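Enquirer: As a plain string of letters, each chain reads:
There are 4 protein chains.
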Amino acid sequence: MDYQQLTDDLHIKFKDEIDKGKVATYIPELKKVNPNKFGINLYTVSCESYGAGDFQDKFSIQSISKVLALTYALKLVGNKLWKRVDVEPSGDPFNSLVQLEFEKGIPRNPLINSGALVVSDILISKLKNPKTEFLAFVRKLANNKQINYNKDVVASEKAYGYKNAAHVNLMKSFKNIKNNVDEVLDFYYHMCSIEMSCEELSRTYLLFANGGKLTYNDERIISRGRTKRINAIMQLCGLYDEAGEFSFRVGLPGKSGVGGGIVAIHPGKYCISVWSPKLNKKGNSFKGFQVLELFTTRTESSIF
Amino acid sequence: MDYQQLTDDLHIKFKDEIDKGKVATYIPELKKVNPNKFGINLYTVSCESYGAGDFQDKFSIQSISKVLALTYALKLVGNKLWKRVDVEPSGDPFNSLVQLEFEKGIPRNPLINSGALVVSDILISKLKNPKTEFLAFVRKLANNKQINYNKDVVASEKAYGYKNAAHVNLMKSFKNIKNNVDEVLDFYYHMCSIEMSCEELSRTYLLFANGGKLTYNDERIISRGRTKRINAIMQLCGLYDEAGEFSFRVGLPGKSGVGGGIVAIHPGKYCISVWSPKLNKKGNSFKGFQVLELFTTRTESSIF
Amino acid sequence: MDYQQLTDDLHIKFKDEIDKGKVATYIPELKKVNPNKFGINLYTVSCESYGAGDFQDKFSIQSISKVLALTYALKLVGNKLWKRVDVEPSGDPFNSLVQLEFEKGIPRNPLINSGALVVSDILISKLKNPKTEFLAFVRKLANNKQINYNKDVVASEKAYGYKNAAHVNLMKSFKNIKNNVDEVLDFYYHMCSIEMSCEELSRTYLLFANGGKLTYNDERIISRGRTKRINAIMQLCGLYDEAGEFSFRVGLPGKSGVGGGIVAIHPGKYCISVWSPKLNKKGNSFKGFQVLELFTTRTESSIF
Amino acid sequence: MDYQQLTDDLHIKFKDEIDKGKVATYIPELKKVNPNKFGINLYTVSCESYGAGDFQDKFSIQSISKVLALTYALKLVGNKLWKRVDVEPSGDPFNSLVQLEFEKGIPRNPLINSGALVVSDILISKLKNPKTEFLAFVRKLANNKQINYNKDVVASEKAYGYKNAAHVNLMKSFKNIKNNVDEVLDFYYHMCSIEMSCEELSRTYLLFANGGKLTYNDERIISRGRTKRINAIMQLCGLYDEAGEFSFRVGLPGKSGVGGGIVAIHPGKYCISVWSPKLNKKGNSFKGFQVLELFTTRTESSIF
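In order, the protein sequences belong to chains Z, E, G and C.
First residue of the first sequence: 73, per the working numbering; consecutive thereafter.
First residue of the second sequence: 73, per the working numbering; consecutive thereafter.
First residue of the third sequence: 73, per the working numbering; consecutive thereafter.
First residue of the fourth sequence: 73, per the working numbering; consecutive thereafter.
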């Protein structure tokens, strides 16, 4: 398989197609991005990188970073984490708060906002300097010291994040948040503000295609068993209310963010990232989803 | 009808009956109250007062004060208020947040927490010194300068009020809260912390039995039409998820609070208050409910 | 008060006003009605009748008859009925089935469809010839042997009544329906198909303004206490998701039907009926609601 | 890997372990089964069969057959099917009906009851003799003419299937059921009543491990692409409210039934079936789940 050729082909094919998506507007800072940005990058476990378009431009990875927070929290507290967060798909967004209320403050999974807020709470409890240490962890996975939070995005999210504040307060009322709610929100917004390029993203998430080991120095970050479980969670819960559609059409574990990025993992083989800021109605990158569908069709690389 | 005799009889009858209720525990400060306190007071529109038991002891009127906040807000902004709060019963508590989410941040009525938070927000927007001016308004209705907030109760509620914080943040996300969420919560907790005795309570709410005029000086506070509407709202929404049961068994508009008080209005005739801190499963005074039921049965004074 | 003058005035005032409502379409047979029909009738407890417009034309009273079924069932089984149906408002329609599921097959009140289906089930269990005996009961209250079921409406409802079938089957799964589901639905559709004119309707429901006694022969049908309770239930649950608005603006207990009828009761004084087939968005007669609001404003006859 | 040894080991290990599950009681006929039955069978795509315990005893496969109905319907109508059923996980059971109501009669996926009822409706529309032809289809996949419906189970389910009747009537009210509701329920209960042994089950579902072709004669039943999609749906929706847990712990697409069977697919490799009638709280075979977890751990054969 000539991955470079395929990556280029996909970029050319989708570059000029009409994009029916819309850039996310609820975080004002994200509206500033150029809506026509479009990058693709594939990283194989043998560390070959194939990119096309704007694959080296940084963007806000947003919810994609929830997988990294989960990984770090699992490393720190192990399976105790599952007492405070479940591993089931969340169904759909219309009842996110009622579900949380019905299930007494236990989020459905660690990749929805409420779940990631609990994961943030765990990291705060375990780390001395949560924001610094989390960033160091991400940089290590990325093998890149240039990964940073974007303070403008943090400020922008805080100023409009009333729904997240509702979730964290509701969970606090059920005693499933241990730290101060403002501190939890601050950490959470920092985590979501991390910026990476497609290439950095693929490289960082290669860990999950590589059984939990860093490819660049063979260091084990998490066990093979936990890696599989994180992939299973991405498969079931990684694309909001479109996880089924993504499994159905793409057939790989993945995670999306409102910044327009999507990352997908083929265990044992590769990690692929796409970035295109306009989102479909379910909040996932309109083009990104299509690129990945065609990619797995062409490469016949679904896990199913 | 010899009201004094009846009031005494009811007090004697229920004083030593087994109270299956439980004192509210979610506001620590409220747990300090003597659970055996029990008072009854009836105030007629001709300003005769009949009391029994602890009817002159002050207690935390809690949600009962929501009716006063609503009255003041209606006086200040008129029917515009109904664009931000509905007048329908809330169904049941299990879905309070989903309902608010489904209905885009518009609370079902002004007597549930979310509705009273919007009313608080309106008062903050309209008043220069909201807490001072609201207290002055209540004192005027009560014809009593000794009515006060209880700062310990305010502090106690704030420290545990995460669910209210969830509601106010959710409404803020729908832009139905205009002021700072902490300021809204601060006002709301002050409003709920007002203390009155049964006698003061009856006297204050006599306004709603008297067509909107103060009995002691004949001053009109709100129009006759609005008074009827406030009574209608109490009838449908005044006793949480037991409004139907209360209408069914007592047959008068009323409002309860977790401090164990209940006030009921017979338009054109009287206002009656009962206080007994132990609550039934729906959060209403166990004895208070029964006293009122027997009272209206004996006096045949249902509005229906 | 010159009731005839007022009734005529209201008829004239509203006759030519633009009617923003729409005739119900989900029961095909009901679409055949002339949408411009408009009648008003007031019946006092002293048996004076004041009518205007089409007040002697028969129409399908639909859900209004649920009050009569409830009355009959209460007469037959007494308070045991409340073990199978609650007396609380239902909140709103979007969650009717989930509420029933959440509350294990116990309907919120006897005036929503699920509650009336349970009441139907009770009548079937208690009566030898349920449909015949129920009709006889209604004719007695109406003092009129010309009251009948409309078989075409029954057939039309059956052919489209899948949602009612869903409700009754769900309750059967919770064992809150004792008889065969088809039999229950058959009785229910007959009950809803009863036809009356405004005048017949007011006359029949005068029972609830007259403390439970027939006005024409002074026979007691139900106790004064139960009459009050039925009125209380109408107040809280009689106008679907607009019960609050109706209490707020009209201020009387009432019941509406999708045929465009609304009946309202002033305890001790009168019963008033309005018929105009076009319905507002909540399913209540658009003009009927407004006529009643203006009527109680003019007569200052709210119960609050 | 010595699969026979492993299968035997797992059978011995779990045979005498305490089974905390309970046999399903809501279908009376299913209660008659011996609760200690326990069988395991693995079938590889190269047609080797490894069995242990009661792997040749027939049992009621129940919901497992929904996958076969889906396969047949996809074969007959293709992607048009997805206009009437979605492919998203259903979240949790507490809101199955409200979700269906909220989403206007479109079931979340074809493996929950409502979805399988729509699939049944499609088969009825497309087949002349639906029950006969569906059975013939199953026998062909199984390469076995001894596969049959169990009429006693059909009768038993019908007599207690009020909740399914509620679902199908609700969908009919949204026009997402085209045929007579009783006919749809009759087909659905037949489909669920199919009996197979573990060995027959593995053999039948080998189709999904073999890219859509029958192993015994290489005939293509469905395309490779559709096979992947069916596997993806099983992964996300195959174990009721425990799909996440199953993905997390077992890591293979699978489907369970209340008869105590679970089948799991490793694409390209094998199909494994376990049968043990006692169910955990989520309705999945208590032992079956554990056997599969240990099996994939020992064989390191998760797809993730």
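Don't read these hints as lab results, they were simulated from the structure.
All figures in this text were calculated on a predicted structure; none of them were measured in a lab.
Some hints could be false.
No copy is singled out in the list; a pair is fine if it fits within one copy or between any two copies.
What the hints assert, rightly or not - Below, a list of computed lysine-lysine pairs in the BS3-like style, where the Cα atoms sit at most 30 angstroms apart:
(1) K200 - K109
(2) K200 - K230
(3) K92 - K109
(4) K152 - K198
(5) K176 - K92
(6) K353 - K247
Enquirer: All hints, please: hold or fail.
Expert: Against the structure, the hints come out as follows:
no.	hint	in the structure
1	K200 - K109	neither (38 angstroms within a copy, 49 angstroms between copies)
2	K200 - K230	both (23 angstroms within a copy, 28 angstroms between copies)
3	K92 - K109	within (14 angstroms within a copy, 49 angstroms between copies)
4	K152 - K198	within (13 angstroms within a copy, 50 angstroms between copies)
5	K176 - K92	between (39 angstroms within a copy, 25 angstroms between copies)
6	K353 - K247	between (34 angstroms within a copy, 22 angstroms between copies)
Consistency with the previously given hints fails for number 1 only.
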